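One line per chain: the protein sequences are U and E, in this order. Under our numbering, the residue at position 117 of the first sequence is numbered 1425, and the numbers go up by one with no gaps. Under our numbering, the residue at position 180 of the second sequence is numbered 416, and the numbers go up by one with no gaps.
Hint data in this document are derived by calculation from the structure and do not stem from the laboratory. Given the structure is predicted, the values throughout are model-derived calculations rather than measurements. None of the hints are false.
Below 16 Å or equal to it, Euclidean Cα-Cα: the simulated EDC-like pairs (lysine to aspartate or glutamate) are:
no., chain 1, residue 1, chain 2, residue 2
1, E, K346, U, E1310
2, U, K1347, U, E1312
3, E, K346, U, E1312
4, U, K1347, U, E1310
5, U, K1347, U, E1428
6, U, K1349, U, E1312
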Amino acid sequence: MENELFTVQGSVSGTGDYTLDSDLLQATVTYIRIPRGLKAKIWTKRIAGEAADVAIRFTPDVTAPSPTWKNLDVQKLASAGEISLEKRRPIVIHGFTGNEAFKITRLTGTGNSYITLEVEISEE
Amino acid sequence: MGWKVDKLLVQENGFLTCYMPALNRALVFRVKCRVNREPVFNYGPLPLTAGETLPTFEGGSVTVPAGGVMPARAYTPTGRSFPMPGAYDETDMWYVPEDYRERVFHVIQKITPSFLRVDVQIPTGVTQGRFQKDKIVTGVDASLGFSRGTIETVHLPRLHYGYRWANDTNLSVYSSVRFTYGEYVVETPKDASLIFDILTRRVQSHWISLPINVLDPSIESALMLTYGFTGFPVYGIHQRDQALKEYNELIKRVKV
Chain U
1309 MENELFTVQG SVSGTGDYTL DSDLLQATVT YIRIPRGLKA KIWTKRIAGE
1359 AADVAIRFTP DVTAPSPTWK NLDVQKLASA GEISLEKRRP IVIHGFTGNE
1409 AFKITRLTGT GNSYITLEVE ISEE
Chain E
237 MGWKVDKLLV QENGFLTCYM PALNRALVFR VKCRVNREPV FNYGPLPLTA
287 GETLPTFEGG SVTVPAGGVM PARAYTPTGR SFPMPGAYDE TDMWYVPEDY
337 RERVFHVIQK ITPSFLRVDV QIPTGVTQGR FQKDKIVTGV DASLGFSRGT
387 IETVHLPRLH YGYRWANDTN LSVYSSVRFT YGEYVVETPK DASLIFDILT
437 RRVQSHWISL PINVLDPSIE SALMLTYGFT GFPVYGIHQR DQALKEYNEL
487 IKRVKV
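Kindly produce the complete structure, drawing on both the sequences and the hints.
In structure tokens form, the structure reads like this:
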């Protein structure tokens, strides 16, 4: 398959999961499930708004009654403003079973926070 | 961009071979010309209608929220065709009757987003994917027997093909389809030796294995009406004499 690269925008007020949206999406989501055999690559991450600790979190089974999420990456926006992170190598998340998923969570902070991700779904 | 898509299609005076596994036979065409100089057609969204319901991988159903949106975790159980106003059959832009026998459509369908699953039913309603003979029926609703984002096929006259799609993510996505296609004017080579060389892969030909593992009666009927035979049997390289004898007989019946 050809790789699919798309932009995901998210927002949250206070702590919790970012609500994710994209030009490809008809409805918002709080996590992205990775198809079996494919990978999700997060190439860039931009965080804006109030200070925040922002985590990319992963679960091996989003279909479980209470999925367990672990942090793959945490970024700190120390004060209100904006930070842009271009990755020379992406954060890679494998879809081995088709039940894996990732989400973006604001661990600390108050007020509004925004993120923008460049996500690629690919076979390689 | 043109040179890239041209590489996907058969050039004038090239050969196109359509192999059908259920018959172990193949149609062999010489492409006399490609009628369409601009082979890219941005069709638009997948033919999914707002309000219709689709089954889900979890065993339930979901409503298509807007035209062209592939809902999360859903699949189309029966193949769909692509409507086009003004076409011979306005419900299926790739369908032509048998008297278009000198025309063949070579179609590469590219879907956005490319992680959507796709397969094709020939004819519509007949799922062709199989694993271990007939032990398991495969396809977009199974764990194997589909591709993602792109599917290449040849549309033969008098057969409706049905495309199926599936979305195994949790994202309800807007969709888009781009066709790269060739409307070829074709003829069957009348030289049995050349056909043998093509089918033993000693002469270069663009070889497409049509996913025909289940022989629906409409397939043989369409082939007979359109071409006057059901294709050339594929022989081994050591069976040249037997092959040439049969090919010479078949060539007498070929309608195009």
